[in-house]
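Chain by chain, the residues run as shown.
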Amino acid sequence: MTADRSPAVQAIGLHASIGGSHVLQGIDLSVPAGGVTALLGRNGVGKTTTLRSLIGLVPPAGTVRVLGHDVAGWPTHRIIRLGVGYVPEDREVFSRLTVRDNLRLAETGPGANYERVYELFPELGQRSRQLAGTLSGGQQQMLAIGRVLLVDRRVLLVDEPTKGLSPKFVSEVVEVLDRVRETTTVLMVEQNVHVVRRLARQVVVLDHGQVVHTGQAAELEDEDLVRRLLGVSA
Amino acid sequence: MSTFIAITISGLALGAVYFLVASGLSLIYGLMDVLNFAHGVFLTLGAYAGWAVAAHLPQQNGALFLVTAAAATAAGALVATVTELLLIRPLYGNPVGQILVTIGLDLALVGLLLGGFGANSRSIQVPGWLTGVTDAGPERIPNGDFVALGTGLAVLGALTWFLGRTRYGIIIRAGAENRDMVRALGVDVGRAFTLVFAVGGAAAGLAGLLNSVVFNSGLVDPMQGDQMLIFAFIVVVIGGLGSIFGAAIAAVLVSLVQEYVTFYAGGGSGLAQLGNISVVLVLAIVLLARPRGLLGRTA
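Residue numbers (our numbering), protein chains in the order written: chain A, 705 to 938; chain B, 71 to 369.
The following block holds chain A by itself, in its conformation from the complex:
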């Protein structure tokens, strides 16, 4: 049996600026197909900008390859339609639309599978007619993840999926991502080292807009390394 060894997502010399600030300063990143790669780093080092650059929400300079396509300069919707899902930091659900309409927006192709979403997050099914803005933070995160899982994705970019959630919702989100990683390549920004240890196979650490470390998630058992790279204790 031969496996496709080409990375699912790759950035070479990726630069990006926001409002005149040069945030990404030559990111070299390779996300292998399958499993979870965690993107780590202190606040403000460019993790979110990296995800947004990969799908064109922040205009990138440099090479960006997604599922074998050179996508730098492509409009965002075209990159997404390659089979990419994006769960943003702070959920960004459409507060004035119902849960159902939030999901419906993600119906960009055939094969929308509402049953799968409602099976993963039963609460979304019960609240399908509720305005998304009236959901709790945890429920909004379920919706943000649920809507990208409405159709099959080959790559998922997830930005801080457990940020600000209660332990109950953290467990639920982790369980879903655990199931998703069996069939989908996941690039995940996450501050919670325990979640990273549980889900990730590879970790990439950013600092000052550059990759400063790439290794196996198991290395995060080394508390000195964690403290040195992330400035937190594990």
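The set of hints was computed from the structure by calculation and includes no laboratory data.
Treat the numbers as computed from the prediction; the structure is a model and nothing was measured.
Backbone N, C-alpha and C fix where the C-beta goes; we use that ideal spot for every residue, glycine too.
Hints are supplied without guarantee of correctness; some may be wrong.
Claimed, not checked - Stretches of chain A that chain B covers, calculated by requiring three or more beta carbons in the stretch to come under 8 angstroms of a beta carbon on chain B:
id	segment
1	772-781
2	787-800
3	807-818
Said to hold, decoys possible - Each pair of labels, with its calculated beta carbon distance range:
id	chain 1	residue 1	chain 2	residue 2	range
4	B	Gly181	A	Pro779	32 to 42 angstroms
5	B	Asn164	A	Gly815	33 to 43 angstroms
6	A	Asp774	B	Gly186	17 to 27 angstroms
7	A	Gly723	B	Leu223	42 to 52 angstroms
8	B	Ala228	A	Arg902	20 to 30 angstroms
As the list claims (entries may be wrong) - Residues from chain B that keep clear of chain A, each with C-beta distances beyond 12 angstroms, as calculated:
id	residue
9	Gly186
10	Ile211
11	Asn248
12	Gly256
13	Phe285
14	Leu353
15	Leu364
With chain A fixed as given, assemble chain B onto it according to the hints.
Frame of chain A; chain B shown alone:
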């Protein structure tokens, strides 16, 4: 009392026309943040298209007036679509450029109309019943008022259905809230932008025809759109930028105030403009009390 009812119906009919113009402006701003100063000329071109088609029809009756109305609507939609594709699309994210290019387009198209048809008004052929009146007790209500009012309500219903029930409507509402996230779900927002322009232009084209037929004695002239645009902008601001229901409420408010003041306080020749001035006063009061308009979104 009966005069009051007649003026109220006339005000509501005028409000329906204001709503047709303002709804497009409001939708375009709500989704795209584009202040479209060429919207008035979409209205004028719709009226001219109606005039041109009606002139080639053998005899006007109800069915053929629908053809005339369809031509006006289609002309507005077509011009708006071409405007979005050729002029607005390259200028997204450049509000000053958009304002300049839409003002320039308005001036250019009005100039072309003046050059092509002259400054004199043209008369649209309309069915006889449309210029007739309906006896309502001692008052006689122009049939055109009922047509304008019915059209306004039908367009409000259609837009409500479109925005609430269709996928494109959902995209438009979501895009007004967070455009980037709509893109990040794989939606081609550019198509929605073009569609919104087309819908806005269609409503403006229809408004142009109704304005000529109901409020301008069936006459079409090159400046009618720009005159209407001022009131449409006032309606949009009072209603709240981006809100269709806000535009509907504001259109009724503005037109009723305008009609009542014009009739009851401005009947004398020296006070003929009092109705228009009162509209500006309403705008000032609403903005002082509620800066984002009646139903507008917060910045």
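Hint check results:
no.: 1; hint: 772-781; result: holds (count 3)
no.: 2; hint: 787-800; result: holds (count 6)
no.: 3; hint: 807-818; result: holds (count 6)
no.: 4; hint: B:Gly181 to A:Pro779: 32 to 42 angstroms; result: holds (36 angstroms)
no.: 5; hint: B:Asn164 to A:Gly815: 33 to 43 angstroms; result: holds (38 angstroms)
no.: 6; hint: A:Asp774 to B:Gly186: 17 to 27 angstroms; result: violated (50 angstroms)
no.: 7; hint: A:Gly723 to B:Leu223: 42 to 52 angstroms; result: holds (46 angstroms)
no.: 8; hint: B:Ala228 to A:Arg902: 20 to 30 angstroms; result: violated (52 angstroms)
no.: 9; hint: Gly186; result: holds (39 angstroms)
no.: 10; hint: Ile211; result: holds (39 angstroms)
no.: 11; hint: Asn248; result: violated (6 angstroms)
no.: 12; hint: Gly256; result: violated (4 angstroms)
no.: 13; hint: Phe285; result: holds (35 angstroms)
no.: 14; hint: Leu353; result: holds (26 angstroms)
no.: 15; hint: Leu364; result: holds (17 angstroms)
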